[in-house]
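Chemist: Protein sequences, first through last, are from chains A and B.
Counting in the working numbering, the first sequence runs from 1 upward without gaps.
Counting in the working numbering, the second sequence runs from 1001 upward without gaps.
Calculated directly from the structure, the hints in this document are not laboratory data.
Be careful, since some hints might not be right.
What the hints assert, rightly or not - Lysine-lysine pairs mimicking BS3-like chemistry, simulated, CA-CA at most 27 Å apart: (1) A:K148 with A:K9; (2) A:K127 with B:K1040; (3) B:K1153 with A:K83; (4) B:K1241 with A:K127; (5) B:K1148 with A:K148; (6) A:K148 with A:K127; (7) B:K1238 with B:K1148; (8) B:K1014 with B:K1153; (9) A:K74 with A:K192; (10) A:K134 with B:K1064; (11) A:K148 with B:K1068; (12) A:K192 with A:K4; (13) B:K1064 with A:K148; (14) A:K127 with B:K1064; (15) B:K1014 with A:K134; (16) A:K148 with B:K1014.
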Amino acid sequence: MNEKIIEFKNVTFIYDADDENAEVKEKPAVSDVSLAINKGEFVAVLGHNGSGKSTLAKLCNAILEPTKGEVSVKGIVADTEEKADDIRRIVGMVFQNPDNQIVATIVEDDVAFGPENLGIEPAEIRKRVDDALKSVNMYDFRHREPHKLSGGQKQRVAIAGVIAMQTECIVLDEPTAMLDPKGREEVMQTVKRLNREMGITVVLVTHFMDEAVQADRVVVMDGGKVLMDGKPSEVFTQVERLRSCGLDVPQSTALCHMLGINECVLDVDSCVEEISRLAGGAV
Amino acid sequence: MIRDITIGQYYPGKSVLHNLDPRAKLIITFWLIVVIFLCKSFFSLGLIALTAVAAAALSRVPAKMILKSLKPIVIILVFTAVLNVLYTEGGKEYFRIWEIAVTEKGVNTAIFTMIRIVSLVVISSLLTYTTTPTMLTDGLERILSPLKIFKIKVHTLAMMMTLALRFIPTLIEEIDRIMNAQKARGADLESGGIIQRAKALVPIFIPLMVSAFRRAYELAFAMTCRCYTGGEGRTRMKQMKLGVRDFAAFLFCIAVTAGVVVLNHFFEAVI
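Chain A with its partners taken away, still in its complex shape (with noise of 0.2 Å):
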């Protein structure tokens, strides 16, 4: 059942390993991270910047090569370029700025150029354009200019150019950092579609707490290291211990925390009833 599609070993990671600066060169982004990623799971990477999250992210699919320690995809090891790229082919992601990730100048030009690049049959490729274009809503803008589409959009026209790779697995780098709130929302009910319905295997690196509470699993990073790892409900029970390695809570969990309330509160249809109850037991 608990099938796993990536695995960090003991991983270690230095920008500059290289460098002749000894400052440089003991400060790692990560440091000795072991973690697994199971097949079909919705795994949310937390944690404020430079907390090593958006490394760990790269070194999934073999952009960054582990310093120490070994990644590996489905138990492939990115020791050779082929491998890399074989790595690449089950594990797709999406970056934070979403016109440094588009290529082409026509929407659907820009998801073939995946599948093309795997040497797809053109009819085959025509299909999951289209198949992809439709499940993050976006067929009928296939013939639009992308610079002509807001952040939303474009965020899910790059994360439709993965689904048509039919990778295994998506790993999303602050996909919402740049968008506003309705742009986050569209690409949040995106993802979650994406893990629910198609049943791929979602990493959603990110550093706002409500979106991270709609994942099946919370890893929290702090100075390259896994400070917690759980289910949202176990994860953010823990408000002090969030709130001393700088990150915060759902404001829900806050207002329920303050109140002495103990139970998990992770959205704000729960945090209203277990208030009303709380008040209703005081009347």
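Start from chain A and add chain B according to the hints.
Modeler: Frame of chain A; chain B shown alone:
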């Protein structure tokens, strides 16, 4: 607004010209340009001009837009016409100012050159009006692909062109943003002489270059993530197939060329 710019000057439509294979269009355009320079008499040139007008009508691109594409060459037209009138001598002399004679041959040459340049511009702008930049680079890549045997990286060149086109609007937006940021800090971009204004552009271009390199770096990452390893083993979603209408277009071109040759032979040459 700056967001509304379109890349190139493509005019969306569904005309016969729009539906031609981009390769056929590229070859035909190039071919017709060569034929324009083969014309020697007014009759053969007239045939080409007629072809250009017919093609423009077929494309359903509004005449206003085609005239707009002629606007930048008005100065060149006037310049060449004046020079031709003044410096070509022969035939009947109309009048003379000092040493300079305005002759029949001079006037004819001037008119001839003007018609030639106008047809040239109309034909080549029809290509860009009816073909998207993506289709153009795709077509060019396929036409040039035999050059691979000379180790010329045709695919890489075409990819560079596509990316350059893709990033034009993004970089224009960026310039706008940087200019506003510098203005907000008190940069004066609008006053002073040419040198002063050029100097004022330095704080715009340096951040622009830095950000362009950063974008390029990120784009390279993103392309690697999508398994891009160069042109080898790559397939294309949009296949190009030469159809009946493309061959009809080629035949039409051959007919025009033959017409030009015949008319050149039977009528007096102007040039």
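Chemist: The structure should be examined with respect to each hint, and the outcome stated for every one.
Modeler: Now the hints, each set against the structure:
With a CA separation close to 43 Å, the supplied pair K148 (chain A) and K9 (chain A) exceeds the 27 Å bound. For the suggested pair K127 (chain A) and K1040 (chain B), the alpha carbons sit about 53 Å apart, so the restraint of at most 27 Å is broken. For the proposed pair K1153 (chain B) and K83 (chain A), the alpha carbon gap of about 25 Å is at most 27 Å, so the pair holds. At most 27 Å may separate the alpha-carbon atoms for a hinted pair to count; K1241 (chain B) and K127 (chain A) meet this at roughly 19 Å.
Restraint check for K1148 (chain B) and K148 (chain A): not satisfied, since their Cα atoms lie roughly 36 Å apart, outside the 27 Å limit. For the proposed pair K148 (chain A) and K127 (chain A), the alpha carbon gap of about 24 Å is at most 27 Å, so the pair holds. The suggested pairing of K1238 (chain B) with K1148 (chain B) holds, with an alpha-carbon distance near 21 Å, which does not exceed 27 Å. Proposed proximity of K1014 (chain B) and K1153 (chain B) is contradicted: the alpha carbons are some 33 Å apart, above 27 Å.
With a C-alpha separation of about 23 Å, the suggested pair K74 (chain A) and K192 (chain A) falls inside the 27 Å cut-off, and the hint holds. About 38 Å separates the Cα atoms of K134 (chain A) and K1064 (chain B), which puts this hinted pair outside 27 Å; it is violated. For the given pair, K148 (chain A) sits about 25 Å from K1068 (chain B) by alpha-carbon distance, which is consistent with the 27 Å threshold. Restraint check for K192 (chain A) and K4 (chain A): the C-alpha separation of about 20 Å stays at or below 27 Å, so the hint holds.
Distance check on the hinted pair: K1064 (chain B) and K148 (chain A) sit about 25 Å apart at the alpha-carbon level, within 27 Å; holds. The straight-line distance between the Cα atoms of K127 (chain A) and K1064 (chain B) is roughly 40 Å, outside the 27 Å bound, and the hint therefore fails. Between K1014 (chain B) and K134 (chain A), the direct Cα distance comes to roughly 25 Å. Compliance with the 27 Å bound is thereby established for this hinted pair. Only pairs whose Cα atoms come within 27 Å are accepted, and K148 (chain A) paired with K1014 (chain B) is accepted, the gap being roughly 22 Å.
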